[in-house]
Amino acid sequence: MINLLINDKKVTVEEGTTVLAAAKTLNINIPTLCNHDDLCVAGNCRVCVVEQTGARTLIASCATPAAEGMDIHTNTLKVRNARKHIVELLLSEHRSDCTKCYKNQNCELQSLANEFAFGDHIFLSLIEDHAINIDRSSPSFSKDDSKCIRCQRCVRTCSELQQVSAISVANKGAHQKISSFHDRPMSHVVCTNCGQCVNRCPTGALVEKTYIDQVWDAIYDPDKHVVVQTAPAVRVALGEDLGYDPGERVTGKMVTALKQLGFNSVLDTDFSADLTIMEEGTELLTRLKKALVDGDTKVSLPMFTSCSPGWIKFIEHKFPEFLPNLSTCKSPQQMFGALAKTYYAKKRNIDPSKIVSVSIMPCTAKKFEADRPEMRSSGYKDVDYVLTTRELAVMIKQAGLDFKNLEESNYDSIMGESTGAAVIFGATGGVMEAALRTAYEIVTGREVPFGNLNIIPVRGMEGVKEATIKIEGCVEAWKFLEGAELKVAIAHGLVNANKIMKMTREGRAPYHFVEIMACPGGCIGGGGQPIPTNVEIRKNRMKAIYSEDAHMVLRKSHDNPEVKAIYEEFLESPNSHKSHELLHTHYVERDDY
Amino acid sequence: MENKELTKVDLIFEKIDNTEVLKKAFNMTQAGIIQDMLDSGLKGRGGAGFPTGLKWKYTAAENSPDKYVVCNADEGEPGTFKDREILDRVSNKVHGGMVIAGKAIGAKKGIVYLRGEYRYLLPKLMPELEAFHKLIKEIGFDFEIEYKMGSGAYICGEESALFESIEGRRGEPRNKPPYPTVSGVYGKPTSINNVETLVTAMMIINHGPQKFISYGTKDSRGSKVFSVSGDTPTPGIFELELGMTVLQFVDEFGDGDTKAVQVGGASGFCVPRKKFAETIIGFEGVPTGGSMKLFNSSRSMYNVLHNYLDFFAEESCGQCTPCRVGCQQLLKGVEKVKKGEAKSTYLNELTKLADTMKIAAKCGLGQSVGNAFKSIVGNFREEIIY
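Top to bottom, those sequences are chains W and L.
Residue numbers 732 to 1324, in our numbering, belong to the letters of the first sequence in order.
Residue numbers 215 to 600, in our numbering, belong to the letters of the second sequence in order.
Next comes chain W alone, as it looks inside the complex (with noise of 0.2 Å):
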């Protein structure tokens, strides 16, 4: 243990503690910009300086180890000084529309302005040098180096969060920006679109694109139907930016919200989620059986999930020799796109063409995943807007909504129908578990061995889990199973996916299924989830998944009646041909670079 005095309150620390991390245990608040929970130690900024007597320089106090018997200081004149000179020359070298700017109160260097760097400032704009120049090349966000202050955080999750490394550090001095390989646009290099930068970013200088405008658009224009469909992650996080703590399921009351917005009918990405399984599970069914009773040598397993498109984007770059072993479903997005102007206008009697198809998404991913040339099998594009978490605390702001008191209210029908199996795709190891759920009836005849379907050893935030479930009395369609250990793995974080692949590339992984997910903690944790997300906010928000599955009457995939009854009345069975048609993709190979 150490000991140190820091504003003069004595304090021990384990060794190895910061002392900004010592000061926080005496509940002394230091400013910090660079520093971010997910990320490793920068140092970059130096807004978090204080005084160490006796040393030559201030210290940063988010990268340097409390020592034993340091004397810290942490607001003398000394520190007050070189904190707005600092803060001072940061905004000296950011562009400050701060009126205009899409982050305007949500913006970290906003804030420290408005504590250390108020009234005059001294110094010279620099942004006159830097030509203004905004990549807006992703249709999932856009990147303005004129509002970067070089940080690196974007950068830092970049590469050890995502280890995709789309974005690095060029040049030096005056220079020095943060860039892609060899200057390209952002739609033109590796990044999978993930967002987990424009969630870091502390400026405006990364956010995503967006769609506000068009939404409110479609909504006013009378020849239009707009359906809006619901993410799982969507429900435990809004609440955050609406003056809730982190955790809270908020499910209802959005609906009510969506309602009063608006849109005309209120859906639920879940009732695909519940298809995504019911497909999903019948093809790595399939696969098994053409492997083991078939002989048939050429079945690509294990097989992925291809629910995150972030994970998608990611394969094609990066292992594209693996691309026939993801499975052929669209996303929970897609499959509801493209049933939302087929299934869905044929019930309702809706021309398709009048039909704007909404998403609500805790993911950037998802705005490039609706552009893919793909995702167009009604005919239409199928899904024609994607909001993220955030963009729709916006809308209910602009609306003028009293969020907190909003009764709450049920998602319409048809494609409203949910179970807790969908919910639980918002969490890292929640497909694992759905498909686990049928997978094993449809074999079985009977319910998952685990208490309360609750399959423990998938869920948690571990970067790479394993399961092995045995099979035994199986049901005669079934019976070559029979005895089988079915072998899972889940990943989140591609980090964690870059783990798994380099397993299979190696012929180590002897796995039959393996869910991944781009962001760490799965969707909770996605790059369009509201600002901060870190480790602590990631675990509420995946509490509260977890509570909303125990709350559901239903809970496995195949019980949901709405998805019993479009097999019947469109479908037919799944992995249909008209499954195929509506519900299965393709993948492309893409550059590594």
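Keep in mind that the hints are not guaranteed to be accurate.
Some chain W residues judged to face chain L by a derived CB distance under 8 Å, without partners named [claimed, not checked]:
no.: 1; residue: G747
no.: 2; residue: G774
no.: 3; residue: N812
no.: 4; residue: A813
no.: 5; residue: L857
The calculated SDA-like cross-link candidates involving lysine to any residue, where the alpha carbons are at most 25 Å apart (straight line), are [as the list claims (entries may be wrong)]:
no.: 6; chain 1: L; residue 1: K390; chain 2: W; residue 2: N738
no.: 7; chain 1: L; residue 1: K566; chain 2: W; residue 2: S899
no.: 8; chain 1: W; residue 1: K834; chain 2: W; residue 2: S823
no.: 9; chain 1: L; residue 1: K402; chain 2: W; residue 2: A798
no.: 10; chain 1: L; residue 1: K432; chain 2: W; residue 2: R787
no.: 11; chain 1: W; residue 1: K755; chain 2: W; residue 2: K1270
no.: 12; chain 1: W; residue 1: K834; chain 2: W; residue 2: S899
Here are a few chain W residues that sit away from chain L, every Cβ distance over 12 Å (derived from the structure) [what the hints assert, rightly or not]:
no.: 13; residue: D866
no.: 14; residue: K1210
no.: 15; residue: Y1277
No lab work stands behind these hints, which were simulated from the structure alone.
Idealized CB from N, CA, C, for every residue including glycine.
Given the coordinates of chain W, assemble chain L onto it according to the supplied hints.
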């Protein structure tokens, strides 16, 4: 204050029997070598002046099977060109100093990080290194040296940025602690020493620490090599005893019209004529890695300052705010004042900024930008304004 006459010394380039000195070192104990360094009072010759004996002692105390001796040959300080000459003329002594350091700290590997622009030295250095490897093997040393090339960034002379560069990453300084003696190149305990320091260490082993102590002053023992340039009839490199005043230096090297001497390069201090007599060249006065630039009355000190600030705005790695943005602000600021677009009092604000950079920048580069700025603006204010 203790003051020595300007005396030319011949230690660095002195002809010695390398084999004999290395054999002598081979037969000494680890502790014995370190003690000689401590007794000699040798301080690093790259400019920062950390006691070499202490650096070796700390690295020796680390318990690790892998340790490194790194020779910093990324000589990039404007106006310094002594390491090039040393490597060109007495590379065996550089390599010899590395072996001795290796013995002292318990390292078997040495890396010379050579400034990119000095690549042309390699055809001569490589055969010399090969012969040297053969020699030390015969003596019994288990030590091997390799060369890594820099690519032209000034910041890579900063020790931890240099390690990053060796490891194949972007040259950016690391957070300290941990210091190199604990976690240096490849995360291993590392003693990183300047070219001249290593040669001096070898000469201390040769002559014993007492001879070294007989040169210089209490705070600045021994002699060192100076790179003399600017308005001087005799530019070049000269090994001089430490402890002389700038006046004594100017009497020897000036052109009779010297108005200022920039001691220690762009990151060093500008000494004006009125302070020549009272300023000692050394750690008690103005320290230097060797760069001595003389300016006569035909020079505009605004241009000198502008040149340095332009250099720093370009060569800052860009990682930390005070240095990346601070350098640009100082540069633009003096331009504005010169053009009359900002009041002369704006220089006071810039001086405060230089003070902040000195205490808040992440590494020695950003921390020392203020040296040149403050000493030039402080002593030649009217030249900056008018």
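Hints versus structure:
1. Below 8 Å, beta-carbon pairs count as interface contacts, and W/G747 has none with chain L, the closest being about 11 Å; its hint is therefore violated.
2. For the restraint placing W/G774 at the interface with chain L, the shortest Cβ-Cβ distance is roughly 4 Å, inside the 8 Å limit, so the hint holds.
3. A least Cβ separation of about 7 Å between W/N812 and chain L falls short of the 8 Å threshold, and the interface hint therefore holds.
4. Here the hint on W/A813 is kept, as its CB sits about 5 Å from the closest CB of chain L, short of 8 Å.
5. Contact between W/L857 and chain L, as hinted, is supported at the beta carbon level, the nearest pair being about 6 Å apart and thus within 8 Å.
6. Only pairs whose Cα atoms come within 25 Å are accepted, and L/K390 paired with W/N738 is accepted, the gap being roughly 23 Å.
7. Pair hint L/K566 plus W/S899 does not hold up; C-alpha atoms about 33 Å apart against a cutoff of 25 Å.
8. Only pairs whose Cα atoms come within 25 Å are accepted, and W/K834 paired with W/S823 is accepted, the gap being roughly 18 Å.
9. Among the hinted pairs, L/K402 with W/A798 is consistent with the structure: their alpha-carbon atoms are about 21 Å apart, no more than 25 Å.
10. Restraint check: the Cα-Cα separation between L/K432 and W/R787 comes to about 22 Å, which is no more than 25 Å; the hinted pair holds.
11. Using a Cα cut-off of 25 Å, the hinted pair W/K755 and W/K1270 holds, with the two alpha carbons roughly 21 Å apart.
12. Simply put, W/K834 and W/S899 have alpha-carbon atoms about 23 Å apart, close enough for the 25 Å limit, and the pair holds.
13. Distance to chain L confirms W/D866 as a non-interface residue, since its nearest Cβ pair spans about 20 Å, more than 12 Å.
14. At roughly 56 Å, the least C-beta separation between W/K1210 and chain L is larger than 12 Å, which holds for a residue marked as non-interface.
15. Every Cβ of chain L is farther than 12 Å from the Cβ of W/Y1277; the closest lies at roughly 39 Å, confirming the non-interface assignment.
Checked against the numbered hints above, the structure breaks hints 1, 7 and satisfies the rest.
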